[in-house]
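Peer 1: Listed below are the residues making up each chain.
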Amino acid sequence: MVSLAVDIAGVRLRNPTMLASGILGISGKLLRKVARAGAGAVVTKSVSLHPRPGYRNPTIIEVDCGFINAMGLPNPGVDYFMKEVVIAKEGDVPVIASVVGERVEEFVEVALKLEAAGVDALELNVSCPHAGAGLIGQNAELTYEVVEAVKQKVKIPVFVKLTPNVTDITEIAKAAANAGADAITAINTVRAMRIDIETGKPILSNVFGGLSGPAIKPIAIRCGYEIYRVVDVPIVGVGGICKWQDVVEFLMAGASAVQIGSGIIKGLSIFSEITEGLKCFLEKRGYEDINCIVGLAHRV
Amino acid sequence: MKEAYDVKSIFFSRGGLEKPKAGQFFMIWIPGIDEVPMSVSFIGENELGITVKKVGEATAALHSLSVGDKIGVRGPFGNGFTLSDGDVLIVGGGIGIAPLYPLIMDLLNTTDSITVVLAAKNNKMLIFLDKISNILRSECDSLVVVTDDGSAGLRGLASDIAAKLIEEKSYDHIYMCGPEIMMRKIFNKAEEKGIEVQACLERYMKCGIGLCGSCCIGEYLVCKDGPVFNSEILRKLKDEFGVFKRDSSGLPIEFSS
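So the protein sequences, as listed, match chains A and B. Residue 264 in the working numbering sits at position 264 of the first sequence, with consecutive numbering throughout. For the working numbering, count along the second sequence from 1 and bump the result up by 300.
This is chain A alone, in the form it adopts within the complex:
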C-alpha cells in the first residue's frame, strides 16, 4: 500500500491535495463538504479584520484556458469567521486560514484570532493581484516584515502565498523563509484582463484581475522549481491543477503538497480522482511513499 500522507511544517495531510484559498471557502459547511469529498486540507477565503463586500460584478470571466477573477477579497471579517472555522473543523482535515490585511498590525491581529479559533495553520495572502495588499508580495522587505511580525506572535505554522507578478520570485521566497515562514505557497493568480469587443469595455468591474486555470500551470511549475532551489522550507504548489498528472509534475518540481482552485469547476470528485490516480502512478513506478518524488526533477 503506497502512502500519500505528507507533512507540511508539522501539518499532517492524508494526501497532498488541498482546496485553494478563494474557492468556496466562505462558509464552514462548504469547507467541511470539500474535506469530506477527499481533500487533504482546506484553505479558507482570505480573512480580514473587518468585513469586505468585495468588488462589484462582474468579478469573474471565463477565458480560453481558465478564468480571470477580481473578487476583491470578499469575506465576513475575522470575528464572524471564527464561527465558520468551528464548523469547517468538523471535516476532520487540517483547516488552513488565509489571512489578509492592509497593514502589518492587521495581519497579526487577524492571525491571532484565527489561531484562537482553532485553525491548524495560516497562509498569509501577500499576493492578491488586484487588491492593495498584493503589493506586499512584490517587495522582499515588506514580505519579510509581515511574515516576521506574524511569526513572532503565533505558534501555529505560517505559510506565505507568493505572487508570480514579480521579476524574480526567488528573492521574495528567500525573504519569506528568512523571516521564519514555515512553508511557501506558489503561486497566486497572474495579473490579467479581458476586454469585451462589442463595447470596447474591460469586462471585470476592477478592470484587472488574476488569471487562474490550466493557462498558468507552466508558470506555477517554473516558480515551484525555482523556489525549491533556494529555500529549505516545504513548497505548496498551486496553479491550474485539473488532473493527477499535474500533481505529479508539481511534486517533481519540488512541491510537497498542492492546492486546487479553478479545477473544482467539474466537481468536488476531483480530489478523490486525483488521489486514486496518484496511488496508481506510485504503485506502477514502485514508490511506497509519495514524498519520494518531491523534487525529483532536481535529481535526475
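By construction, these hints were calculated from the structure, which means they are not laboratory data. Mixed in with the good hints there might be a few duds.
With a straight-line Cα cutoff of 20 Å, these simulated PhoX-like cross-link-like pairs (lysine-lysine) come out [as the list claims (entries may be wrong)]:
#, chain 1, residue 1, chain 2, residue 2
1, B, Lys319, B, Lys524
2, B, Lys524, B, Lys321
3, B, Lys370, B, Lys302
4, B, Lys464, B, Lys353
5, B, Lys493, B, Lys464
6, B, Lys485, B, Lys524
7, B, Lys431, B, Lys308
8, B, Lys538, A, Lys83
9, B, Lys431, B, Lys353
10, B, Lys545, A, Lys83
11, B, Lys370, A, Lys201
12, A, Lys266, B, Lys524
Based on these hints, arrange chain B on the given structure of chain A.
Peer 2: Below, chain B alone, put in the same frame as chain A:
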C-alpha cells in the same frame, strides 16, 4: 415590455446560447454598471426574455435600456425545474412568478391540472395575470389571485391561501418562487401532507458557476446545485431556508416577515 410600474420584461436574441430550461438563469452584464443573475421568463426558439423588478442600480440600468442596446449574457446556469405530472400547485409571489411562467407552459403538456396562486402586495404590483390566464386550460386549470391588501382577488398572504388549498386538495407536486418566508411556510405545510415541492431560491451571486461560494445555502450552491431545490434537499436546509441569507461579504442576514 412594461409589466407593472416597476417591472419590465427585456428580450434578447438567443445567439449562440444554449436553450435554457425553466428555472435556469443568466448572468446579465450591463457594461460599466454591474452583473446580476436573472431567471429566464420567456423561452423562444430564437428569443429569450427576463423580467426585471427595479430594486437597485443594476435593475434601474436594465429598465433604462432602449431597444438595440447591448448587454452581456453568460449562461444558462443552474439546474432548472423538473417536470412532474398529475395535479400541481404553483405559487408565485411578486416577481417570483417570472421563472414559473415558462414552467407553466411546459407543465401544460405533462399535468392533469394546474392551480396557480398569483400573489402580490397589491393590484399595482400584480404581474403576468393576463399572460397566465391566457395559457391555462379552461377545462382543468384554475387561477387564484391574492393580494396582501385585497385590492385584487382574495385578500391575504399567499402562504395562507396556498396552505388552505393544500389542506383541501391532494396535489401531487408544488412549485414555488417568491419571498423565502412564504416558501418556507408552504414547504412546512407540504411536509405535513407529504407533498413534494420544488422551490426556486435566490442568494447574492458573484461567479454564477460554482467557484466562489458566495451563493451558498448549507452545503449547497444556489448557482450550481440550484436555484431550484426539491423537498429532499430543503429538509437538509432547515436552519437556513427561510431563515437567513448572506450579504456580499458572507455575513448572515436574517429574513424578516
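Peer 1: Each hint: holds or not?
Peer 2: Okay, the hints, checked on the actual structure:
With a C-alpha separation of about 17 Å, the suggested pair B/Lys319 and B/Lys524 falls inside the 20 Å cut-off, and the hint holds. About 14 Å separates the Cα atoms of B/Lys524 and B/Lys321, which keeps this hinted pair within 20 Å; it holds. Taking the CA atoms of B/Lys370 and B/Lys302, the gap is about 19 Å. The hint holds against a cut of 20 Å. Between B/Lys464 and B/Lys353 the alpha-carbon distance is near 29 Å, which puts this suggested pair outside the 20 Å criterion.
A hinted pair counts as satisfied when its Cα atoms are at most 20 Å apart, and B/Lys493 with B/Lys464 qualifies at roughly 12 Å. A threshold of 20 Å between alpha carbons decides the hint, and for B/Lys485 with B/Lys524 the separation of about 25 Å lies outside it, so the pair is violated. Distance check on the hinted pair: B/Lys431 and B/Lys308 sit about 14 Å apart at the alpha-carbon level, within 20 Å; holds. A C-alpha spacing of about 19 Å is found between B/Lys538 and A/Lys83, which places the hinted pair at or below 20 Å, so the restraint holds.
The straight-line distance between the Cα atoms of B/Lys431 and B/Lys353 is roughly 17 Å, inside the 20 Å bound, and the hint therefore holds. Proposed proximity of B/Lys545 and A/Lys83 is supported: the alpha carbons are some 16 Å apart, at most 20 Å. Taking the CA atoms of B/Lys370 and A/Lys201, the gap is about 12 Å. The hint holds against a cut of 20 Å. About 11 Å separates the Cα atoms of A/Lys266 and B/Lys524, which keeps this hinted pair within 20 Å; it holds.
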